[in-house]
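Model the full structure from these sequences, guided by the hints.
Protein chains: 2
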Amino acid sequence: MTDDALVIFTPSGKRGRFPLGTPVLTAARQLGVDLDSVCGGRGICSKCQITPGYGEFPKHGVTVAEDALSEWNAVEDRYKRIRGLKEGRRLGCQAKILGDVVIDVPPESQVHKQVIRKSATERAMVMDPATRAVYVEVAEPDMHEPTGDFERLARALKEQWQVDRIEADLSVLRQLQPVLRKGEWKATVVLHKGNHDAATRILDIFPGFHEGPLLGLAVDLGSTTIAAHLCDLSDGRVLASSGLMNPQIRFGEDLMSRVSYAMMNPGGDVEMTKAVREAINTLADAIAGEAGVDPAAIYEMVIVCNPVMHHLFLGIDPVELGQAPFALATSGSLSLDARDLDLTTLNRSARVYVLPCIAGHVGADAAAVALSEEPDQSQDMVLIVDVGTNAEILLGNRSRVLACSSPTGPAFEGAQISSGQRAAPGAIERVEIDPVTKEPRFKVIGCDLWSDEPGFAEATRATGITGICGSGIIEAVAEMRMAGLLDAGGLIGGPEQTGTPRCEATGRTHSYLIHDGSAEGGPRISVTQGDIRAIQLAKSALYAGARLLMDEMGVDTVDRVTLAGAFGAHISPKHAMVLGMIPDVPLQNVTSAGNAAGTGARIALCNVAARDRIETTVRHIHKVETAIEPRFQEHFVNANAIPHAVDPFPNLSAIVHLPDVSFNTSSHGSEGGRRRRRG
Amino acid sequence: MTDDALVIFTPSGKRGRFPLGTPVLTAARQLGVDLDSVCGGRGICSKCQITPGYGEFPKHGVTVAEDALSEWNAVEDRYKRIRGLKEGRRLGCQAKILGDVVIDVPPESQVHKQVIRKSATERAMVMDPATRAVYVEVAEPDMHEPTGDFERLARALKEQWQVDRIEADLSVLRQLQPVLRKGEWKATVVLHKGNHDAATRILDIFPGFHEGPLLGLAVDLGSTTIAAHLCDLSDGRVLASSGLMNPQIRFGEDLMSRVSYAMMNPGGDVEMTKAVREAINTLADAIAGEAGVDPAAIYEMVIVCNPVMHHLFLGIDPVELGQAPFALATSGSLSLDARDLDLTTLNRSARVYVLPCIAGHVGADAAAVALSEEPDQSQDMVLIVDVGTNAEILLGNRSRVLACSSPTGPAFEGAQISSGQRAAPGAIERVEIDPVTKEPRFKVIGCDLWSDEPGFAEATRATGITGICGSGIIEAVAEMRMAGLLDAGGLIGGPEQTGTPRCEATGRTHSYLIHDGSAEGGPRISVTQGDIRAIQLAKSALYAGARLLMDEMGVDTVDRVTLAGAFGAHISPKHAMVLGMIPDVPLQNVTSAGNAAGTGARIALCNVAARDRIETTVRHIHKVETAIEPRFQEHFVNANAIPHAVDPFPNLSAIVHLPDVSFNTSSHGSEGGRRRRRG
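Protein chains in written order, with our numbering: chain B, 75 to 753; chain V, 75 to 753.
Hints should not be assumed to be uniformly reliable.
Note: identical chains are not told apart, hence a pair may lie in one copy or across any two.
What the hints assert, rightly or not - Lysine-lysine pairs mimicking DSSO-like chemistry, simulated, CA-CA at most 30 Å apart:
1) 121 with 88
2) 160 with 256
3) 154 with 88
4) 267 with 121
5) 88 with 160
6) 256 with 348
7) 232 with 267
8) 160 with 170
Rather than coming from a laboratory, the hints here were simulated on the basis of the structure. Quick caveat, the model's predicted, so the values are computed rather than measured.
So, in structure tokens, the structure goes:
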């Protein structure tokens, strides 16, 4: 009989010998086994549940006796009674090792657990957040050993949680004394440890054992829309997702017009900074309200955005981004205090992490897309297109990744579109047009029925049918082309040419009426010739950017295409190809990644190691500058038609019929001129 | 002939061989020789001046040839012409090593130079400040290598100044782009590297080579007065010293009444925090004005204060300091952003260092006194008394140091005194009373003449004679006792008892008239019986604290006494002993250290290693708690008389005559009762 015993943990396989009487949690800690605990082994949190295995384990070469662990005790009894404990489970902090034993750590007891959620984007999220809560017991003050409360708390964190180099905000120091006394020298402490060699900072402190939520906000700050996911930092769950229009639109619809605004108006950048920070405060408040939580429980925010938004959000004049060599004030990642960014809605000690930028025109949003879609890990050549007012485009595989941005304008987000609106309940998001009758049917956000299905009117009564969002306009234009309502040059035919009264004359051009709600006091929703032109310009810019990267990579085709966008889970690959947004590729190889930039932000929010990863990755991404590249202009001009003059879609013609119509009669000739959107 | 040469630096004695053609500055850097340079060897700053020695150096075993250094060059010529260069001096960055040479680094070229100044307190200051300015040349942005301006600046700082782990405030990032362009990619950067393993932070940036001042503020925040020294961080010079009354006095004169105010009035602590921070802003502004500099050039502030002021300054409710066990919220040193403390007068990126506290009643001011006076380095047993509203008392030697604080009240600072005022021009600071005629003469601050010397009236016309400051009241009371105007119990005699009409009846007691300015519209300045009582209470508390430490140390006498205080350069040791402020010791062993707490703050401001030193030292100082020690009360009661009932001054009686008078007649008997000032 020895006085120690062999312990083997699964699934990690880690093993070691421990003195008899050692709690399983202690053994796990000493071996570096990933076993969760918030209360530090005091039988309060029940996070350290384990499943001991008994009997023969030939694989491990041990036999586990029935009495290999100490007997079920009163603490475990209480937990089972109050919270429930699955059959066969023990609390790792209560069960003591009395003989050789095999211990399984179930997934929900692992700190770095993989959480798969249906909400937001389906995505396995490996949890390793910068912010976590721990429970500590602090020594009481003693007149004869006069250290401060903070110093005794720091010592407790070091002894009980092995946390070194602790710092605390003044706001935490301010609360420290009443909180410790209220909790009778027991407290739950919210800790934040950024990446690199940052010290650990105390963000908040609560008396006793506190189970309140620990939240983070992942923000994709676009030129036109600001999208955010509110996440539970303990398991990565998305509690709510929401968005609003970027209020900077009033200073200019696209990035370059905002840079111009800053150049022309002294203090203009300060105005725009104020507007966007206020909007993020509003959004944080709204999203917390939606989830029914207090925004003060948001301890961390990760933000991704293009370089101009990056500078305006940080309060840096973006003027240098408007002219060659497009120098960023800073390209690296940033870890900041929310209060220095006037983000007063969040917790007063909240931290903000800004992903690194790739270059002056390729921002932290592109970095977030790279973090989410990992082109650098791809075996085949993948083109990733993040559709927005400014499109981020990545092309590459394991050997090399290229990136550029392309100023598509806000049309894909439903802005600059006559009936356009952001993706919200009531917005038309899908459109089909019968090629024979030319009649449309559509779906609106918030209702699962098509507009020609029974019950649609009732189902949409609450929201109304209010406009058409980005994915809706893409489908509408592509469907119009497939139904022969639009010629290859992008001109809408008149009623006599198309045979449908829905093609109405509006001035010197025509519009196609999708929905007339005027009888019920709602809007008439049409696609106008102006809408078509806006979409043509946007898709040409997108396509030209992709082609430019392909030129640089020296490839004529790509193996697969990933479509992404702030609200882009709904872009239909088929319609995108009909429009000519993306180069030719077998349709089954076009996938939709949803809001990849937002997903990248969520990954960085939930996993601190991912921050190191993307900071390394961005240094290896080669940036291609569209603004000074003559071939970009050439590709842009060539990409205007639907389809292009020389049909680049052999794959596509097999699945969709693009009728050979032309509406370019003399009466509409004067409309044909192209505007160039780029300064 | 070899292709390298021996270089020996004096006074350090560091030596090494270097390839011919190596600049002297480069050799100095590689050997770790303390040779200053702001411009990094570009011949701009002229801080790297050296004196080469020629001829035989038997001590070093070398002969230095006339051509051991490269010839005097155009850069040196220009410097000599424009700024002057002492005979025999060379610029270390220009002079290249061509043969064995001995190089002397003159004191003014050393970074860690010792600067001795007459102003403020005479004190050798070893310079090693946390904040310094360096000149860098930054690579221009390149579209094909898209790093941010900050990243290129950080690389330049690493390559040119070996500075790693650079951080920048948002406010610096905001200025970065215009400044770098204005300076054509040359800039002067203000860097701050705190103690411990802090990253280096950029506090400010200027285009090109900038020679503006780099200032620090050393603040001694007392209960009654706030004193500050404005220092040049490049050489430790004190540019100006100033002070003002602590505006918290309106919430309570002593510390415990302020704690009570916070306890009784919700938000009272916030009010007091606001008041003291505003006062520091005012003081910073005034002191910068006095020195004729911009307060925005103040990049750093070091603050020392007692624990209650410490908490109120930091915005922490001091309520716990009002009751046993007197727990501090935090006892360690703090490094903070000035903006988080609302110190908006300083540079917007300024840093604040708060010295550690020793215990709940013994604060950062006591730590600063220990840093300045170094009792832990003393061979003999030294008693250090920092006189203020709350007195800090240290007793010890190399083996052991004890500390306590004693609530003396504000009398020693001229508050609670009928004609009291703070030490400012016009205040009576020295008093002598003729033992025969009982006539006084005095000196006022701002005038070197005694009041009975010719020209005194003219010399004081501008300031007037406005009141009596702390050192003045101490001398006045002691002189009154020596002149027989005051008995051992502290009662002032009447005119018939003392034989002088200056002892006037005021109600049931008497006052002694020092100066009557009423004819010129000025005040009548008297010492009242109430003033005597206030001083008696204060000195009893001080003496009792010192005795308590002596009890704890197990000694009956001390070897020497150091008197200090915020404006305490002027306390007369003789008068302090007559009063019985301090225990008996040979008079020549009583020295005045001036504002030792302020000096400690200046040391920590000028030398970052001193911060580490005091942080270590305070952990070894043993604190004695006066508030709960019954012997303190006993000592306090016994110390009331002047001198004490049992004469403890065998040394003193040899030098001063204490007349055996008694004025405690029945008509004054009702006055004899003692108030206790302690809550």
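Hint check results:
Taking identical chains as interchangeable, the C-alpha atoms of residue 121 and residue 88 lie at most 30 Å apart only when both belong to the same chain, with a minimum of 20 Å there against 60 Å between chains. When the C-alpha separation of residue 160 and residue 256 is checked against a cutoff of 30 Å, the pair qualifies neither within a copy, at 34 Å, nor between copies, at 68 Å. For a Cα distance limit of 30 Å, the shortest separation of residue 154 from residue 88 inside one copy, 28 Å, qualifies, whereas the shortest one across copies, 72 Å, does not. In this assembly of identical chains, residue 267 and residue 121 lie within 30 Å of each other by CA distance solely inside one copy; the values are 21 Å within and 41 Å between copies.
Taking the shortest alpha-carbon separations for residue 88 and residue 160, only the intra-copy value of 24 Å comes in at or below 30 Å, while the best inter-copy value is 71 Å. For the homomeric pair residue 256 and residue 348, the shortest alpha-carbon distance between copies (27 Å) is at most 30 Å, but the shortest distance inside one copy (39 Å) is not. Taking the shortest Cα distances, residue 232 and residue 267 sit within 30 Å of each other both inside one copy (14 Å) and across copies (25 Å). Proximity of residue 160 and residue 170 under a CA criterion of 30 Å is satisfied intra-copy only: 19 Å inside one chain copy versus 79 Å between copies.
The structure fails to meet hint 2 from the earlier list, while all remaining hints are met.
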